[in-house]
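Required output: the full structure, derived from the provided sequences and hints.
First to last, the sequence lines map onto chains A and B.
Residue numbers are given in full-length UniProt numbering: position 238 of the first sequence equals residue 238, and the series is strictly consecutive.
Residue numbers are given in full-length UniProt numbering: position 431 of the second sequence equals residue 431, and the series is strictly consecutive.
It should be emphasised that the hints constitute simulated quantities derived from the structure, not laboratory data.
Be a bit skeptical, because a hint or two may be false.
Claimed, not checked - DSSO-like, lysine-lysine: derived pairs with alpha carbons at most 30 Å apart: (1) LYS97(B) to LYS77(B); (2) LYS63(B) to LYS681(B); (3) LYS702(B) to LYS77(B); (4) LYS417(B) to LYS487(B); (5) LYS258(A) to LYS487(B); (6) LYS258(A) to LYS44(B); (7) LYS44(B) to LYS162(A); (8) LYS63(B) to LYS696(B); (9) LYS44(B) to LYS190(A); (10) LYS657(B) to LYS696(B); (11) LYS208(A) to LYS159(A); (12) LYS540(B) to LYS487(B).
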Amino acid sequence: MSVCDVQLQPPLAQRGKKSRPDESGSAFQHVLLSTGNIAQTATRTTTGSRDELLQSLEHTLTSSTPIQLQEPNSNVPILTIGNTTSSDILAEDRTDLDITIKLFIPSHPTPSHVHQTLTHLTTSLQTTTIDTVIVYWPASSSSLLKLLPLWRELERYVKEGKIANLGVSGFTGADQLRAWNQLVEIKPTKVQVRTEAGTLRVAPEIMKLSLTEGFELYLDTDPDDILSHRTLQRVTDIHSLPVVIHPSWIARYQVVVKTRQVLLSRGYV
Amino acid sequence: MGLLSLGTPLPWDEAKNHADHVRKHGIIQFLNIWRRLRNRRRDKLLWGDEVEYVVVSYNDGEKRAKLSLRAHDALAKLQQIEIDDIASGRIADSSWKPEYGRYMLEGTPGVPYGSTLEDLLTVEDNMRRRRQLAQSCLKPNEAVFTFTSFPRLGTCNSLEPGTEPTPDTGASCSLFIPDEAINPHARFPTLTANIRLRRGSKVSINMPIFHDTNTPKPWYEPVPPCLTRTLSQPLPAVLSHGCSDGTRAQKEEHLCNESLNPKALPSLQELVPDALADHIYMDCMCFGMGCCCLQITFQACSVEEARRLYDQLTVVTPVMLALTAAAPIFRGYLADVDVRWSVIAGSVDDRTAEERGLQPLKNSRYRIPKSRYESISLYLSPGPNYSGGCSETDVESPPPGGVSSRPTRGGEFFKDKYNDLEVPFDKEIYRQLIDGGVDEHLAKHYAHLFIRDPLVIFQELLEQDDTASSDHFENIQSTNWQTMRFKPPPPASDIGWRVEFRSMEIQLTDKENAAFAVFVVLLTRAILSFDLNFYIPLSKVDENMRRGHGRDAVLGERFWFRRNVFGNPAKRPAEFQNGVPGSVVNGVNGTSVNGVAEVREEDEDVCDEMTIDEIINGKPSTSFPGLIPLVRAYLHTISPPISTLHRLESYLELISKKANGELPTTARWIREFVRGHKGYKGDSKVSEEVLWDLCKVVEGWKDGREVVGLNA
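Shown next, in the form of structure tokens:
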């Protein structure tokens with residue numbers, strides 16, 4: 001169903017899932033798009049997470065009515081589309097579950113991104129703890145420092161017992177990882193890497209580093225650019241959302257039942 | 001091979017009188033289990049494999065490889081090791097059981113495998129250690145193998161120690177295999193004799209001969225030398241009586257009072273009523289139950305999940321049969337089939353002539369289309385009130401708005417039209433189960449299984465406490481041997497509802513056995529995680545089983561498989577009918593209403609004929625994802641460490657290659673070995689010399705980890 005005539009007034013600026021204050025006098029500064037649990041909907045695809053995100057976004061925009069909510073702890077109104085609350089999770093024992101969040105930061109990582117993501121997700125997943133948070137950051141040696149403030153915020157959550165493990169993704173070399181581990185207080189225990197196309201071979205220096213630094217290696221199956229500004233713009237245009245829109249952060253959550261290795265819930269916010 | 005009770009088994013003419021008693025109490029026992037355990041929830045994933053082995057004895061002087069009946073002694077040693085381990089507080093690494101053949105061993109992991117992906121990596125090593133342990137209990141001139149069908153079982157002088165078959169007496173009355181080949185535990189010979197007696201004739205199995213360049217057409221088998229004496233006399237009364245009616249009349253003239261020249265005997269097919277031209281004739285249970293298989297049992301979190309997986313995996317059973325095909329030779333001849341399934345089906349077929357439809361019903365209650373060893377005839381459906389999870393709320397309080405208000409979780413996929421086979425069932429038992437609180441589908445399942453008579457009844461176990469024992473229930477349940485088995489918990493243990501996958505043939509190497517076992521388990525996880533729907537009519541599954549028998553069916557045949565395996569496409573927005581985001585499709589399969597295409601039900605449930613390659617690896621032209629890409633997507637989602645992923649991926653690769661022909665099936669490998677052997681004469685006969693070399697080559701692979709051209 002169409003979403004354009006409900007509560008939106010052009011021009012629109014978005015944050016949350018979208019970003020960048022645009023014009024002044026806009027009705028909404030923030031928009032939060034949640035796909036809900038896509039693990040069992042017809043939008044399941046085996047062609048990769050970019051398509052998965054795109055299809056589930058489309059599905060959400062088509063099937064959900066936008067609602068105006070207040071952002072927690074502020075008076076800033078947020079346009080929320082879609083619903084993350086998953087009752088499947090409620091029924092299970094929290095100790096049986098493994099909850100992982102992967103955070104994609106397109107451009108400017110700030111600590112508040114962490115705060116927003118985690119607040120939203122812990123509420124909708126009805127939990128106070130997250131087992132693993134992985135941050136995707138297409139790191140170059142010069143940009144490591146940009147990620148630091150966000151990481152410090154994550155460290156704070158770890159110290160408070162709200163996150164158990166931290167991880168990184170998108171770091172291309174052993175040097176970067178080594179440098180990163182010098183910079184941070186709480187080191188990542190999980191590192192996602194890309195491998196040679198068609199194989200599962202990891203560069204030997206990274207293998208060695210994983211042993212000395214004590215992190216576990218995982219396969220990064222996500223593309224560099226999981227949701228570009230242009231793609232998001234095109235999607236919102238098709239759905240007649242008269243907005244100028246930039247994603248400021250994208251989070252993927254996943255809930256797995258440990259004792260059965262069954263995926264319970266997976267979605268994007 | 002079922003549970004082994006101890007005691008005095010009743011002969012058939014006594015046992016048959018207690019059939020109703022066993023059935024009646026078996027159902028009561030099931031109802032007791034149902035009432036107590038139907039709401040069991042949250043059982044974790046535990047699973048195990050069963051590997052069956054044969055023991056071969058080498059006679060180096062004569063270059064003969066025979067089946068060793070001394071495997072029975074090795075079994076005693078293996079069981080003692082297990083007992084000693086447990087007594088001293090250690091966890092037994094493996095567990096051993098007798099199997100039908102006295103030359104067979106069955107080994108399982110000592111404790112079930114756990115629920116993590118890392119547990120899957122321990123399977124191959126566990127299998128390897130079992131093989132080594134079994135080998136260590138054998139004599140120096142013996143070796144353990146995992147042949148699905150031992151090529152020269154039933155040929156002259158193929159057992160060590162050697163004995164003569166006794167066609168006119170004993171449990172089997174076989175022309176080819178002596179009763180000494182049967183495991184001496186009371187259950188097995190009794191089972192053999194009672195099947196034959198209930199049926200009213202010997203079992204009769206005819207598998208098509210493989211016509212090679214020098215194989216005559218039509219093919220009539222020359223009487224094997226060791227049978228010359230038997231068949232040159234007027235056939236013993238029990239033998240001619242022991243063949244099925246219908247074929248007997250034609251052959252009578254050869255049988256009565258003719259003095260046949262032992263040096264110029266007619267062919268086997270002309271002498272033996274049941275033997276067909278162009279076919280390899282087999283006449284006893286040992287030909288079937290003396291084969292080896294690979295079986296996987298795993299625990300579900302609830303009875304609903306067990307039923308759901310039972311149904312979904314049923315569709316996959318013929319696919320796995322074709323992929324694991326490993327039985328191209330029977331009784332020393334190359335057959336025109338690659339698998340053992342029909343042979344076993346025939347070997348325990350206790351149906352009377354009336355039940356088989358050869359005579360009008362008079363003494364038998366039902367016409368029964370299938371042997372008690374066959375593919376399943378009914379889907380179970382997950383059952384009412386199943387909304388997909390494994391939590392208390394599923395049963396106690398369906399979610400507000402009803403089950404359908406949630407995204408589909410597998411409970412909605414079942415439709416009555418999929419159960420399209422003729423299924424005889426006991427109406428009284430059905431009523432009993434319904435009255436006992438069982439839903440219609442599960443009730444019909446057991447009312448169907450329980451049309452069978454119990455074949456082995458122990459005198460001492462006739463009277464049981466139905467609240468504490470499930471022996472009568474298991475008696476019938478475990479002598480229905482099907483492609484899948486639904487297994488309720490035993491009454492007095494902590495075990496949950498389980499499902500057994502039974503169609504796979506055993507492979508020559510542990511790497512392959514591990515790969516297939518792990519694949520089936522991963523497939524179940526993908527089915528549950530992605531809400532996959534494989535349902536097709538059971539008649540098509542049966543058709544697939546038939547097609548899966550053929551020589552190289554994996555490459556040459558097409559199999560029915562569901563096209564739309566993801567959720568419910570009727571709920572998919574029109575924009576995605578073609579999988580292209582953003583495009584508007586104007587009713588590809590129907591009219592578009594409010595942007596949602598209404599897909600006709602026939603299109604939603606359509607199934608296509610696909611090759612095994614397409615089913616396993618995908619068919620892009622219809623967007624059918626393929627079972628391996630689905631499993632791979634599951635693995636990438638769960639995201640185990642790369643080292644784990646790497647090893648699991650190597651198993652997926654192996655199966656992928658078996659599916660597309662880059663690697664041969666075991667059956668094709670064995671067949672090509674025989675045909676390429678210098679001693680093979682192109683006449684379908686597998687000689688002693690060829691078998692010897694085959695065994696020596698396979699044994700030379702040591703632990704069979706990597707065998708170029710077979711599993712690598």
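Against the structure, the hints:
| no. | hint | result |
| --- | --- | --- |
| 1 | LYS97(B) to LYS77(B) | holds (11 Å) |
| 2 | LYS63(B) to LYS681(B) | holds (18 Å) |
| 3 | LYS702(B) to LYS77(B) | holds (22 Å) |
| 4 | LYS417(B) to LYS487(B) | holds (25 Å) |
| 5 | LYS258(A) to LYS487(B) | holds (24 Å) |
| 6 | LYS258(A) to LYS44(B) | holds (9 Å) |
| 7 | LYS44(B) to LYS162(A) | holds (26 Å) |
| 8 | LYS63(B) to LYS696(B) | holds (10 Å) |
| 9 | LYS44(B) to LYS190(A) | holds (26 Å) |
| 10 | LYS657(B) to LYS696(B) | holds (26 Å) |
| 11 | LYS208(A) to LYS159(A) | holds (28 Å) |
| 12 | LYS540(B) to LYS487(B) | holds (24 Å) |
Comparing the model with each numbered hint stated earlier shows that all of them hold.
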